[in-house]
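So the protein lines, in turn, are chains A and B. Each residue of the first sequence is one higher than the one before, starting from 1 at the first, in the working numbering. Each residue of the second sequence is one higher than the one before, starting from 1001 at the first, in the working numbering.
I should point out that these hints are in silico values taken from the structure, not numbers from a laboratory. Where is the CB? At the ideal position from N, CA and C, for every residue including glycine. Warning: the hint list may mix true and false statements.
[Unchecked claim] The calculated label-pair distances, taken between Cβ atoms and stated as ranges, are: (1) A:Gly139 - B:Ser1039: 14 to 22 Å; (2) A:Lys71 - B:Ser1016: 29 to 37 Å; (3) B:Ser1136 - A:Ser16: 34 to 42 Å; (4) A:Arg84 - B:Asp1059: 29 to 37 Å; (5) B:Ser1136 - A:Ser153: 30 to 38 Å; (6) A:Arg34 - B:Asn1092: 49 to 57 Å.
[To be verified] Computed list of lysine-lysine pairs in DSS-like fashion (alpha-carbon distance at most 30 Å, straight line): (7) A:Lys64 - A:Lys162; (8) B:Lys1026 - A:Lys122; (9) B:Lys1020 - B:Lys1032; (10) A:Lys32 - B:Lys1162; (11) A:Lys114 - A:Lys26; (12) B:Lys1071 - A:Lys26; (13) A:Lys122 - B:Lys1122; (14) A:Lys20 - B:Lys1080; (15) A:Lys75 - B:Lys1114; (16) B:Lys1020 - A:Lys80; (17) B:Lys1122 - B:Lys1026; (18) B:Lys1103 - A:Lys80; (19) B:Lys1080 - A:Lys122; (20) B:Lys1155 - B:Lys1075; (21) B:Lys1020 - A:Lys122; (22) A:Lys155 - A:Lys103; (23) A:Lys122 - A:Lys32; (24) A:Lys32 - A:Lys80; (25) A:Lys26 - B:Lys1020; (26) B:Lys1122 - A:Lys26; (27) B:Lys1020 - A:Lys20; (28) B:Lys1075 - B:Lys1162; (29) A:Lys114 - A:Lys20; (30) B:Lys1080 - B:Lys1114; (31) B:Lys1155 - B:Lys1103; (32) B:Lys1162 - B:Lys1071; (33) A:Lys32 - B:Lys1020; (34) A:Lys20 - B:Lys1122; (35) A:Lys20 - B:Lys1071; (36) B:Lys1122 - B:Lys1080; (37) A:Lys71 - A:Lys162.
There are 2 protein chains.
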Amino acid sequence: MADESLFDFLHMEIVSHIYKEQQSSKGEMDNKDRAVCVSVLESMGFRVGQGLIERLTRDSPSFKDELDVMKFVCKDFWTKVFRRQVDNLRTNHQGTYVLQDNKFSLLTQLSSGKQYLDQAPKYLAFSCGVVRGALSNLGMDSVVTAEVSVMPSCKFQVVVQKL
Amino acid sequence: MADESLFDFLHMEIVSHIYKEQQSSKGEMDNKDRAVCVSVLESMGFRVGQGLIERLTRDSPSFKDELDVMKFVCKDFWTKVFRRQVDNLRTNHQGTYVLQDNKFSLLTQLSSGKQYLDQAPKYLAFSCGVVRGALSNLGMDSVVTAEVSVMPSCKFQVVVQKL
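Bound-form chain A, shown alone (with noise of 0.2 Å):
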């Protein structure tokens, strides 16, 4: 669907812009380039979560508990913005989630060998926004990461952080 690759493309196209435009700025990047990149994709992101979940729980009955909103984000929220379903939802029940998503539809269009491995994190820091912004809008702050061992399946770690 086109519609579906409008979001790719265009979310390849401000990673590439904000890489760049750091770069250009900097001449070479090193590790607090880089962290600056990620930092200004992961704010797009969760504003655009906070966005994305006001509109989908307009209808939605109150949740009863953190596990009940992490099972809506996993379903719900997670078909709607990245097209299919978390595969897998582990928790501590001290507040540390896990999801990982077998096919994660912003790394399938890179190559699934080890090459691009390093390029992972790029196309994830707008998505851990996204996380971050739906949760804090349903009341639980949250530190959320992203971590690839082999394409394009991720693991995301959501963290939420006590008051």
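Based on the hints, put chain B in the right spot on chain A.
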């Protein structure tokens, strides 16, 4: 649908990011700065349009002439990207086309009063690029501009560049 809003939200974020980054490096923005922003957004759109049309026309028969291409863009392409068909297509049969969309998807989120009319170009640059990119991949080099007189209606003018 959230997957549609996904693109809309992301588009909003990009527009705001690009204007902010230009402003922060220059302080006050003048016309030249605004032109830089428009041009960055337009080139992003161009590449996205190229990618999209490539997918969309994969199974299409070839087109018999310029008008045939324009009709495809107004119907199939427009529906996939902007979620409706163009309402009106006019041409002078000398390479100039006017595509009118009475409810342009990227403007429907803005208030329809006159208040934000001067903000409209910000939100049209990317789309002009998308159209130009699509046409370019179908072998038509063109200049695409957009004009809004009453929100959320929008007129795109395509002037085909003859070799």
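Okay, the hints, checked on the actual structure:
1. A:Gly139 - B:Ser1039: 14 to 22 Å: violated, 41 Å
2. A:Lys71 - B:Ser1016: 29 to 37 Å: Between A:Lys71 and B:Ser1016, where Cβ atoms are some 32 Å apart, the hint holds.
3. B:Ser1136 - A:Ser16: 34 to 42 Å: Violated, at about 19 Å.
4. A:Arg84 - B:Asp1059: 29 to 37 Å: About 24 Å separates the Cβ atoms of A:Arg84 and B:Asp1059, which means 29 to 37 Å is violated.
5. B:Ser1136 - A:Ser153: 30 to 38 Å: holds, 36 Å
6. A:Arg34 - B:Asn1092: 49 to 57 Å: Since A:Arg34 and B:Asn1092 have Cβ atoms about 51 Å apart, the given range 49 to 57 Å holds.
7. A:Lys64 - A:Lys162: holds, 17 Å
8. B:Lys1026 - A:Lys122: holds, 27 Å
9. B:Lys1020 - B:Lys1032: holds, 15 Å
10. A:Lys32 - B:Lys1162: The hint is violated at about 48 Å.
11. A:Lys114 - A:Lys26: holds, 28 Å
12. B:Lys1071 - A:Lys26: The given pair, whose Cα atoms are some 45 Å apart, is violated under the 30 Å limit.
13. A:Lys122 - B:Lys1122: With Cα atoms ~26 Å apart, A:Lys122 and B:Lys1122 stay inside 30 Å; holds.
14. A:Lys20 - B:Lys1080: At roughly 29 Å apart (the allowed maximum being 30 Å), B:Lys1080 and A:Lys20 satisfy the hint.
15. A:Lys75 - B:Lys1114: violated, 41 Å
16. B:Lys1020 - A:Lys80: holds, 29 Å
17. B:Lys1122 - B:Lys1026: holds, 18 Å
18. B:Lys1103 - A:Lys80: holds, 24 Å
19. B:Lys1080 - A:Lys122: holds, 27 Å
20. B:Lys1155 - B:Lys1075: OK: B:Lys1155 and B:Lys1075 at ~15 Å, within 30 Å.
21. B:Lys1020 - A:Lys122: holds, 21 Å
22. A:Lys155 - A:Lys103: holds, 10 Å
23. A:Lys122 - A:Lys32: holds, 14 Å
24. A:Lys32 - A:Lys80: The hint is violated at about 33 Å.
25. A:Lys26 - B:Lys1020: Holds. A:Lys26 to B:Lys1020 sits at ~19 Å (cutoff 30 Å).
26. B:Lys1122 - A:Lys26: It holds: about 27 Å lies between the C-alpha atoms, which stays within 30 Å.
27. B:Lys1020 - A:Lys20: Distance of about 16 Å is within 30 Å: holds.
28. B:Lys1075 - B:Lys1162: holds, 24 Å
29. A:Lys114 - A:Lys20: holds, 23 Å
30. B:Lys1080 - B:Lys1114: holds, 29 Å
31. B:Lys1155 - B:Lys1103: With a Cα-Cα distance of about 10 Å, the restraint between B:Lys1155 and B:Lys1103 holds, given a limit of 30 Å.
32. B:Lys1162 - B:Lys1071: holds, 19 Å
33. A:Lys32 - B:Lys1020: Roughly 21 Å between the alpha carbons, so the hint for A:Lys32 and B:Lys1020 holds.
34. A:Lys20 - B:Lys1122: This hinted pair holds, its Cα atoms lying about 21 Å apart.
35. A:Lys20 - B:Lys1071: Roughly 36 Å between the alpha carbons, so the hint for A:Lys20 and B:Lys1071 is violated.
36. B:Lys1122 - B:Lys1080: holds, 22 Å
37. A:Lys71 - A:Lys162: Satisfied, since the Cα-Cα distance of roughly 19 Å is no more than 30 Å.
Taken one by one, the earlier hints fail for this structure at numbers 1, 3, 4, 10, 12, 15, 24 and 35, listed in ascending order.
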